[in-house]
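Colleague: Given the sequences, and given the hints that come with them, work out the whole structure.
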Amino acid sequence: TLAGTNIIAGIDDSPTCTTGCTQTITTSNTNINVNNGDLICITGSNITVGFNGNGGTVRICGTNVTVQNASLNNSALLIITKTGSATFSNLNLNGSKSAFINYGTAIVNGSFSPGGSFTNENTFSTTGDFNLNSNSNFMNNGIISIGGTMNVNTNNVCTNNGSITTNQSFQLNNNSEFVNNCLLWVKADYNHNNNAVLKNYSLVKV
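Everything in the sequence shown is counted per my numbering, starting at 1396 for the first residue and increasing by one.
Hints were generated in silico from the structure; no laboratory data involved.
Since the structure is predicted, the reported quantities are computational estimates derived from the model, not experimental observations.
Hints are supplied without guarantee of correctness; some may be wrong.
[Unchecked claim] Below are the EDC-like pairs computed for lysine to aspartate or glutamate, each with C-alpha atoms no more than 16 Å apart in a straight line:
#	residue 1	residue 2
1	K1492	D1524
2	K1594	D1524
3	K1600	D1584
4	K1477	D1407
5	K1477	D1408
[Stated by the list, open to error] If you anchor each label on the Cβ, the simulated ranges turn out as follows:
#	residue 1	residue 2	range
6	N1426	I1502	40 to 50 Å
7	N1589	N1551	42 to 52 Å
8	N1431	D1584	37 to 47 Å
9	T1417	K1582	39 to 49 Å
10	V1599	T1421	37 to 47 Å
11	S1491	T1443	39 to 49 Å
12	N1530	Y1596	32 to 42 Å
Just so you know, even glycine gets a beta-carbon here, dropped at the ideal spot from N, CA and C.
Modeller: Right, here's the structure in full:
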């Protein structure tokens, strides 16, 4: 039941792949280029894809989609819809205006270091670290499981309205601010550096 209300509310906002698509991907394709004005809809299930986003939007609506390489530059947007599930071997949010919104199920095999905007409305996990870079924005309304350490380096306010579990440590670095409105469970050390701010309105378990 944890974060269930937020998850349901978030999923209700999820877009689909039924309208507006400029290209629909139903079979494996690891060389997809996404530019301004493009809306790439990935509807195939059990396929392997890879894309380079210099702008535009990618929506993943298929299930069990393997993403070999994904780069989001400039103002590129990646959305996993409420019907979608994807596993990433390499997911790069390079642009300060790039964004990733997850309404479905997303797994990153390895570490994840978003430089743009990250919003989770359902279930997201990494096998490695989760590193928030200096210009990143973070909002969690669902369930996040981190196999390694969560490093908060951003000057922007990070908000957790759902649950975050780190298998290793949680590191709140200089000038970062983290707002916890639900559950932060740190299975190793909690490290709080100078000038960092934690605003806890619910439960932090270390």
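Colleague: May I ask you to test the hint 39 to 49 Å on the CB atoms belonging to S1491 and T1443?
Modeller: 29 Å, violated
Colleague: Within a Cα-Cα threshold of 16 Å, do K1492 and D1524 meet the stated pairing?
Modeller: Violated, because 22 Å separates the two Cα atoms, which is more than 16 Å.
Colleague: Given a hint of 37 to 47 Å, does the C-beta separation of V1599 and T1421 actually sit inside it?
Modeller: 45 Å, holds
Colleague: Verify the CB-CB distance for N1589 and N1551 against the hinted window 42 to 52 Å.
Modeller: Hint violated: Cβ distance 18 Å, outside 42 to 52 Å.
Colleague: For K1600 and D1584, compute the direct alpha-carbon distance and say whether it is at most 16 Å.
Modeller: Between K1600 and D1584 the Cα gap is close to 10 Å, so the pair holds against 16 Å.
Colleague: Check the following: the C-beta atoms of N1431 and D1584 are separated by a distance inside 37 to 47 Å.
Modeller: 44 Å, holds
Colleague: Starting from the hint 39 to 49 Å, judge whether the C-beta atoms of T1417 and K1582 obey it.
Modeller: Because 44 Å falls inside the window, the suggested range holds.
Colleague: Need the status of pair K1477, D1407: alpha-carbon distance at most 16 Å?
Modeller: With Cα atoms ~8 Å apart, K1477 and D1407 stay inside 16 Å; holds.
Colleague: Taking 16 Å as the top limit, are the C-alpha atoms of K1477 and D1408 close enough?
Modeller: 9 Å, holds
Colleague: For the pair we were handed, K1594 and D1524, check the Cα-Cα distance against 16 Å.
Modeller: This hinted pair is violated, its Cα atoms lying about 22 Å apart.
Colleague: Per the hint of 40 to 50 Å, is the separation of the Cβ atoms of N1426 and I1502 within bounds?
Modeller: At roughly 22 Å between Cβ atoms, I1502 and N1426 fall outside 40 to 50 Å, so the hint is violated.
Colleague: Measuring from beta carbon to beta carbon, are N1530 and Y1596 in 32 to 42 Å?
Modeller: 26 Å, violated
When held up to the earlier numbered hints, the structure conflicts with 1, 2, 6, 7, 11, 12 and fits the remainder.
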